[in-house]
Amino acid sequence: DAGITQSPRYKITETGRQVTLMCHQTWSHSYMFWYRQDLGHGLRLIYYSAAADITDKGEVPDGYVVSRSKTENFPLTLESATRSQTSVYFCASSARSWGGTGELFFGEGSRLTVL
Amino acid sequence: DAKTTQPPSMDCAEGRAANLPCNHSTISGNEYVYWYRQIHSQGPQYIIHGLKNNETNEMASLIITEDRKSSTLILPHATLRDTAVYYCIVRGVGAQKLVFGQGTRLTINP
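As you go down the protein sequences, you meet chains A and B in turn.
Using this note's numbering, the letters of the first sequence correspond one by one to residues 117 to 231.
Using this note's numbering, the letters of the second sequence correspond one by one to residues 1115 to 1224.
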C-alpha cells in the first residue's frame, strides 16, 4: 500500500544495545525526517535528509545515526541505547521542502522503551 | 525559522467554531504559516498553510493578519474528533525542516 510505514511499532530493549528503527515511503519523496516525542517536549527533530546520501542534523542528533542509501528508506539507529532515548519516534516525508508545498506526511510512530 | 506562541490549551463546545490563535511576530516576508494537528498518539496531520492571503480547505480556514504577525486557525463546526494538539509552525522558503513548538491542546466538549 502507498504511504509511509515505520517498523517496529513497539520495541523494548536494554541499555547499551543497538536498535534500528525503519522508515519506508512509497511516494519517492525527496525529503525524510525523524522526530522524537516526549511528554513535555513536543516533537523534536533528530535528523533529516534532502535526498539519498544527503543527511543533516536536527535539534537533538546526539546518540543517533542515520543513513539514506535509497530514496524510499531512512533508518534511524541508536548505536548504544540509553534510558533517555525512551520515546515515541515519528518518521515523516515530504515531496518538497519549500514554496508552500512542503506538507509533511507522518508515519504512525515507533514506541521505544529502553530499560 | 520564526518562533510561534500558542496558548497551551483551549476548550470549545461541539458544533461551535473553534478559533485557535498563533503569534509569530518575527515572521519574515518569505515564511509560510503551517498548521498541523496530532490526535492522541498518532502522527501529526497537515491541516492548512498560507503566506499572506486567507486560505480555506475542507478541514479549516486560516486567517492571517495584514502585518502577518499573527494568524488564527478556524474549525467551523468542531466535532469531538477534532480534539487534538494543534501546532502552528512558520517555515521559510528554502527551509528544509519543520520545527514544532508545544502547540495548543484543543478539547471539544459535548
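Be a bit skeptical, because a hint or two may be false.
Keeping only pairs whose Cα atoms sit at most 20 angstroms apart, straight-line, the calculated SDA-like set for lysine to any residue is [claimed, not checked]:
{"no.": "1", "chain 1": "A", "residue 1": "Lys173", "chain 2": "B", "residue 2": "Gly1206"}
{"no.": "2", "chain 1": "B", "residue 1": "Lys1211", "chain 2": "A", "residue 2": "Leu231"}
{"no.": "3", "chain 1": "B", "residue 1": "Lys1211", "chain 2": "A", "residue 2": "Glu219"}
{"no.": "4", "chain 1": "B", "residue 1": "Lys1211", "chain 2": "A", "residue 2": "Asp178"}
{"no.": "5", "chain 1": "B", "residue 1": "Lys1117", "chain 2": "A", "residue 2": "Gly174"}
{"no.": "6", "chain 1": "B", "residue 1": "Lys1211", "chain 2": "A", "residue 2": "Pro124"}
{"no.": "7", "chain 1": "B", "residue 1": "Lys1117", "chain 2": "A", "residue 2": "His157"}
{"no.": "8", "chain 1": "A", "residue 1": "Lys186", "chain 2": "A", "residue 2": "His157"}
In case anyone wonders, no lab produced these hints; they're calculated from the structure.
Fair warning: this is a prediction, and the values are worked out from it, not measured in the lab.
Cross-check of the supplied hints:
1. A:Lys173 - B:Gly1206: 18 angstroms, holds
2. B:Lys1211 - A:Leu231: 31 angstroms, violated
3. B:Lys1211 - A:Glu219: Answer holds: lysine 1211 of chain B to glutamate 219 of chain A is near 11 angstroms, not above 20 angstroms.
4. B:Lys1211 - A:Asp178: Roughly 18 angstroms separates the two Cα atoms, so the pair holds.
5. B:Lys1117 - A:Gly174: 16 angstroms, holds
6. B:Lys1211 - A:Pro124: It is violated: about 24 angstroms lies between the C-alpha atoms, which goes past 20 angstroms.
7. B:Lys1117 - A:His157: Since the Cα atoms of lysine 1117 of chain B and histidine 157 of chain A sit roughly 15 angstroms apart, the hinted pair holds (cutoff 20 angstroms).
8. A:Lys186 - A:His157: This hinted pair is violated, its Cα atoms lying about 31 angstroms apart.
In this structure, the hints that do not hold are numbers 2, 6, 8, in rising order.
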